[in-house]
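A.B. asks: What follows is each chain in one-letter form.
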Amino acid sequence: MKKIDLVIIGGGPAGLSAAKTAAESGLASLVIERSSAIGGQLVKQTHMFFGSEKQYAKTRGIDIAKILVKDVLEFPNLIEIMTNTTVVGLYKDKVVTLLKKEKYIKVQAKAIIIATGASEKVLAFENNDLPGIYGAGAVQTLMNVHGVMPGHDVVMVGSGNIGLIISYQLIQAGVNVKCVLEAASTIGGYKVHASKLKRLGVDIKTSHSIKKAIGKDCLEKIIIGKLDDKWNFIDGFDEEIEIDALCISVGLSPLSSLLSMIGTEMKYVGYLGGLVPLINKNHETSIENIFVAGDVCGIEEASSAIVEGYLTGLVVANKLGFIHPKYDELYLDFKNQLRNLRSGPFGEKIRLGLKEIAR
Amino acid sequence: MLNINGVPSKTLILSRFPDEKYLNKPKAITECYERIPCNPCSTSCPFGAIHIGEDINTPPVVDFDKCTGCGICVYSCPGLAIFTVELLDELNARFKIPYELRPLPKVGETWDGVNRAGEFITKAYIEKVSLKEKQDRTALIQVIVPKKYIYEFITIRSKL
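Note that the protein sequences, when read in sequence, are chains A and B.
Quick note on this note's numbering: the first sequence kicks off at 1 and runs consecutively.
Quick note on this note's numbering: the second sequence kicks off at 1 and runs consecutively.
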């Protein structure tokens with residue numbers, strides 16, 4: 001059995017950042033990533049990021065991915081990266097079992113950071129399985145990673161930041177975005193993103209949602225309807241829109257199933273997007289030396305995931321006896337950065353949610 | 001309504017403009033009305049003219065005495081929410097706007113000038129197009145539009 005001090009599950013912004021601060025402290029780690037490349041969802045974020053300089057604000061996500069990857073590659077003796085590898089088992093004694101292509105690998109760790117991120121929520125409506133109906137993440141992967149246009153005429157469902165940003169990126173890719181639907185009575189994401197779409201002629205239809213999709217072999221059109229304040233459709237406002245692609249962006253859920261698997265104490269917290277582990281101030285779960293960072297413990301922006309990763313890598317190393325020369329200074333700095341990122345109105349959900357999972 | 005359709009009210013728009021006497025030189029207008037965690041406009045300004053402070057959720061405030069209208073904040077804003085405006089004469093105003101679509105306009109062309117609702121309002125004459133490496137793929141387009149549209153004009157649209 002392979003032995004390593006720290007196993008980090010997930011090579012996205014949180015996992016890579018954790019590997020960096022752990023390595024700076026002198027702690028060796030193995031980063032496990034199921035896809036063929038590390039960088040997580042950042043590799044398809046072509047827009048400039050918000051936040052402050054410390055979280056690489058105004059840098060495009062695709063370039064932040066490059067920075068984080070370069071940072072971990074600077075520690076070839078301390079950070080091992082395993083791509084195309086899926087975690088298939090996780091045990092309380094810190095044994096992790098992996099599948100890399102056809103090969104089954106067992107690893108004994110002293111500590112584990114679970115940084116698996118999130119998955120997209122789906123939406124129930126008639127014919128929601130027609131070809132041409134995508135999750136927003138898939139659309140972004142198609143156009144920004146593979147250079148494939150998902151369709152010619154698109155409607156976006158959901159006006160959170162992801163829905164707004166991907167609508168804008170669709171326009172940049174030359175796709176006609178017919179409108180954005182939002183079930184709530186107000187726009188979900190940052191208004192600067194909404195204004196960017198509106199000035200390009202895209203209507204954001206608040207209090208609207210999709211009723212059904214229509215098409216023989218693939219999506220041909222949709223019926224949308226108007227909602228009352230209890231999100232029930234109001235009769236007489238149906239509208240038909242001809243499109244060949246529909247993009248669903250109705251939120252994310254933490255990918256926390258590995259945590260349930262080993263029996264950490266979990267709680268369903270709506271503010272955080274779903275089922276999340278209880279954690280202490282250092283991101284340690286109810287099982288000693290099992291830590292979490294990033295969206296797996298609450299849906300937030302990637303900027304927060306990066307800082308959570310830095311913080312978690314730092315404290316895990318410290319706990320295993322590898323003390324960063326600037327531990328106290330960095331610990332305070334990361335905590336302050338997170339507080340600052342979360343202190344506005346858009347941080348309210350995460351502030352309330354974190355109170356519910358504090359242990 | 002900004003919250004409903006993404007279009008700020010006239011009052012909100014005016015709240016970000018200085019008195020017209022400042023506009024004989026280019027000045028940055030920060031159309032960032034909401035508390036969101038973001039401060040590149042402030043940290044990128046070489047003149048210390050945009051204030052946000054410790055709490056990065058604070059909306060930016062421009063010191064129009066310090067602002068030179070250089071345009072660095074225009075391409076540094078992740079929300080594409082900043083432009084500069086300058087009154088040229090009785091009839092015309094000059095804007096520098098961020099632009100992330102392709103193809104880029106060419107100097108000398110006339111494109112459609114649109115308002116915040118995405119509607120055509122006037123012709124916009126393309127005076128200068130800059131896309132240096134430090135701009136990181138956000139072009140700065142310098143356009144001339146009639147002065148009477150200074151509170152309406154927001155971007156350009158290709159006539160294709």
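One or more hints might be untrue.
[Said to hold, decoys possible] Below are the SDA-like pairs computed for lysine to any residue, each with C-alpha atoms no more than 20 angstroms apart in a straight line:
hint	chain 1	residue 1	chain 2	residue 2
1	A	205	B	117
2	B	21	B	117
3	A	178	B	5
4	A	205	B	5
5	A	349	B	58
6	B	134	A	205
[As the list claims (entries may be wrong)] Over the 12 angstroms line for every Cβ pair with chain A, so calculated as not near, a few chain B residues:
hint	residue
7	3
8	8
9	52
10	118
11	142
Since the hints were derived computationally from the structure, they do not count as laboratory data.
Here the structure is a predicted model, which is why all the values come from computation and not from measurement.
Don't be surprised by glycine CBs; every beta carbon is placed ideally from N, CA and C.
A.B. asks: Does each hint fit the structure? Answer for all of them.
C.D. replies: Hint by hint, here is what the structure shows:
1. A:205 with B:117: Holds, at about 13 angstroms.
2. B:21 with B:117: Distance of about 27 angstroms is beyond 20 angstroms: violated.
3. A:178 with B:5: holds, 14 angstroms
4. A:205 with B:5: Satisfied, since the Cα-Cα distance of roughly 7 angstroms is no more than 20 angstroms.
5. A:349 with B:58: holds, 18 angstroms
6. B:134 with A:205: violated, 36 angstroms
7. 3: violated, 4 angstroms
8. 8: violated, 7 angstroms
9. 52: violated, 9 angstroms
10. 118: violated, 4 angstroms
11. 142: holds, 18 angstroms
Hint violations for this structure: numbers 2, 6, 7, 8, 9, 10, all remaining hints satisfied.
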